[in-house]
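As given, the protein sequences belong to chains A and B, one line each in that order. For the first sequence, position 67 matches number 67 in our numbering, and the numbering has no gaps at all. Add 1000 to the 1-based position in the second sequence for our numbering, that's all there is to it.
A few of these clues could be false.
[Unchecked claim] In the DSS-like style, the derived pairs of lysine-lysine whose C-alpha atoms are separated by at most 27 Å in a straight line are:
{"hint": "1", "chain 1": "B", "residue 1": "K1194", "chain 2": "A", "residue 2": "K106"}
{"hint": "2", "chain 1": "B", "residue 1": "K1051", "chain 2": "A", "residue 2": "K106"}
{"hint": "3", "chain 1": "B", "residue 1": "K1112", "chain 2": "A", "residue 2": "K30"}
{"hint": "4", "chain 1": "A", "residue 1": "K148", "chain 2": "A", "residue 2": "K30"}
Hints are computed from structural coordinates only; laboratory data are not their basis.
So you can see what is in the structure, the chains are spelled out below.
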Amino acid sequence: MKVIIRIVLLAALAALGIWLWTVLFPSPEKVVRRRLTELARTVSSSANESDLTRLAAARSVAGFFAATVELNVDLPELGQHNSMDREEITQLALMGRSRAGGLRVKFPDINITVAPDKQSAMADLTVEANVSGEHDPIVQEMKFTFRKNDGQWLITRIETVRTLI
Amino acid sequence: MPSQDTVGQSNIRPEQPQDPGWLRIILIGRNPKVTFARIAVLVVTCFIIFKFILLHIQVEGISMLPTYPDQSKHFVNRFAYLWHGPQRGDVVGIRFSTNAPAGIHQAANWLKPPHAMLLKRIVGLPGETVAFADGRVLINGEVLDEPYEKTPCDWNRPPVKLGPDEYFVVGDNRTMPWEDHTFGRAQRSQIVGKALL
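Generate the whole structure from the sequences, applying the supplied hints.
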């Protein structure tokens, strides 16, 4: 009986150790997934937020991106840009937040491919955006490229994907 | 003379099992252990079926009118194409993530059912050429009979040759300009299952 108890305790200890390891040293995929969840939450806005909150949130959105982001998007809201810097992203986020009465963004289906060197990753995801007052949600497949920069995973490229070709 | 009741016998009579009340029988049955086991099996079965096999969907948009009205609720059966491929005329759920693990039989696909899908009808099968002429679908140059198509349409699109693993999908509501309608070629791996009900 004592042996069984010892084995169970050892197994529990090992499981705890593995769990702690994954919490303290998460895999790149987990980190990228977490970053995307945070990004969706930061981009989302409520209808009655103050100007200060709006500005702070827009600056936070820019913090998810590299200094320059390559764009290959087919979205009229973004115009004909090939790249954007953080200031432009902040302005865009600010404009979006002021215009939309309230916005709820989700990334429901995320597939992440981490490069073998673990310094970059590609996230293929579905963007689902619900704008207050609009009947139908905006659903768009997109690809985000992440690069690890000083220990932080930043978005370096955004592209829209045509689901049906 | 002592009575027979008291000689060598205890006065305490063995407890007779009480009949459970009718309310208890209705609520948890005559044997609660069996009932709880049944409930557990039912819950697990429902969880597996509705999480991985029959995906609940809510239509958002008008592209499948009049067959599937906006906000209507249905299921997508992921087992529909286990033994045969998708057929012409089937209404299917199409995953957005084109980069999803390929192959419907792959465990990764099964364990990660998509949350957002396109709902479209298959009109073209692998290897065929699909075109639109005056609102009629042409398959290899011949007009496709579409009994589900109730609304007039004036689309004209050049022929598209489908690859060996591609299906041509389109919504039933073709009253809108073709530029506003999402349609085209879908890979087999993008087809999640067949719409039910």
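Status of each hint after checking the structure:
Distance hint between K1194/B and K106/A is fulfilled; the C-alpha atoms sit about 25 Å from each other, no more than 27 Å. Pair hint K1051/B plus K106/A holds up; C-alpha atoms about 20 Å apart against a cutoff of 27 Å. For the hint linking K1112/B to K30/A, the alpha-carbon distance of about 16 Å falls within 27 Å, and the restraint holds. At most 27 Å may separate the alpha-carbon atoms for a hinted pair to count; K148/A and K30/A meet this at roughly 13 Å.
Consistency note: the structure conflicts with none of the earlier hints.
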